[in-house]
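S.K.: Turn these sequences into a full structure, and let the hints steer you where they fit.
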Amino acid sequence: MKIICIGRNYVDHISELNNEKPTEPVIFLKPDTAVLPKKTPFVIPAFSNDVHHEVEVLVKICKVGKYIDAKFAHKYYDEIGLGIDFTARDIQAQLKEKGLPWEKAKAFDHSAVIGTFLPKKELHSMENINFELKSNGESVQTGNTALMLWNIDALVAYVSQFFTLKKGDILFTGTPKGVAKVTEGDVLEGFMEGKSLFKIQIK
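Note that my numbering has the sequence shown beginning at 54, numbered continuously upward.
The reader is advised that the hints may include incorrect statements.
Said to hold, decoys possible - Straight-line alpha carbon distances no greater than 20 Å define the calculated EDC-like cross-link-like pairs of lysine to aspartate or glutamate that follow:
hint: 1; residue 1: Lys230; residue 2: Asp122
hint: 2; residue 1: Lys230; residue 2: Glu191
hint: 3; residue 1: Lys234; residue 2: Glu156
hint: 4; residue 1: Lys256; residue 2: Asp103
hint: 5; residue 1: Lys74; residue 2: Glu150
hint: 6; residue 1: Lys187; residue 2: Asp65
hint: 7; residue 1: Lys256; residue 2: Glu150
hint: 8; residue 1: Lys92; residue 2: Glu237
hint: 9; residue 1: Lys219; residue 2: Asp85
Note that these hints are calculated values from the structure, not bench results.
Just so we're clear, the structure is a prediction, and the values are computed from it rather than from any experiment.
M.R.: Following this line, the structure appears as structure tokens:
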């Protein structure tokens with residue numbers, strides 16, 4: 054299983070980090086060791102003083118695909134979930150300044166929270182999914198897939214040009230505005246269409 058992540062897919066998030074709006078999807082990968090085991094707290098790594106939460110809609114690939122046409126992309130996934138791309142923002146800033154890859158900031162152990170998946174048929178439209186992250190009971194990030202620069206089918210098609218998609222692969226589709234530093238003792242809970250799909254503690 055591989056984790057394929059999309060960066061800079063929501064305009065407001067691009068603005069809040071003063072990034073340049075991309076002309077094509079920004080892709081990076083996380084290894085399977087990035088997955089936070091179920092019922093395990095997220096421990097802030099010793100190498101960072103500024104780890105941010107980034108809530109994202111997830112897509113679970115259900116069959117092998119390569120060079121997928123966007124109009125057929127919907128056939129390659131049947132479950133939608135919610136997760137967090139934890140980012141060591143201080144490390145990322147250092148890497149970006151030097152023009153280096155982001156992996157140390159994005160792909161470290163347990164940096165990927167993968168919540169419960171919902172059958173696609175339970176959701177009205179892939180282009181109108183509401184989601185939210187609460188920290189200690191307060192809403193900190195809200196989003197809707199209608200606000201994506203590239204929608205889910207476009208992302209599946211684009212990514213498949215470079216990587217063969219396999220059953221069980223997970224696509225992180227980008228985060229909306231509201232990313233912020235996590236601190237010890239925080240409790241993060243993610244909701245999709247009002248349903249809680251994950252709840253984790255920060256240590």
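S.K.: Is the straight-line distance between the alpha-carbon of Lys74 and that of Glu150 20 Å or less?
M.R.: 17 Å, holds
S.K.: Checking one constraint from the list: CA of Lys230 to CA of Glu191, max 20 Å. Satisfied?
M.R.: 15 Å, holds
S.K.: Mind checking the alpha carbons of Lys219 and Asp85 for me, to see if they're no more than 20 Å apart?
M.R.: 14 Å, holds
S.K.: For Lys234 and Glu156, compute the direct alpha-carbon distance and say whether it is at most 20 Å.
M.R.: 19 Å, holds
S.K.: Does Asp122 lie within 20 Å of Lys230 when you go C-alpha to C-alpha?
M.R.: 30 Å, violated
S.K.: Taken at face value, is the distance from the CA of Glu237 to the CA of Lys92 at most 20 Å?
M.R.: Holds. Lys92 to Glu237 sits at ~17 Å (cutoff 20 Å).
S.K.: Has the given pair, Lys187 with Asp65, been kept, meaning a C-alpha gap of at most 20 Å?
M.R.: Holds, because 18 Å separates the two Cα atoms, which is no more than 20 Å.
S.K.: Given the hinted pair Lys256 and Asp103, is their Cα-Cα distance within 20 Å?
M.R.: 14 Å, holds
S.K.: Take a quick look at whether Lys256 and Glu150 sit within 20 Å of each other, Cα to Cα.
M.R.: 29 Å, violated
Checked against the numbered hints listed earlier, the structure breaks hints 1 and 7; every other hint is satisfied.
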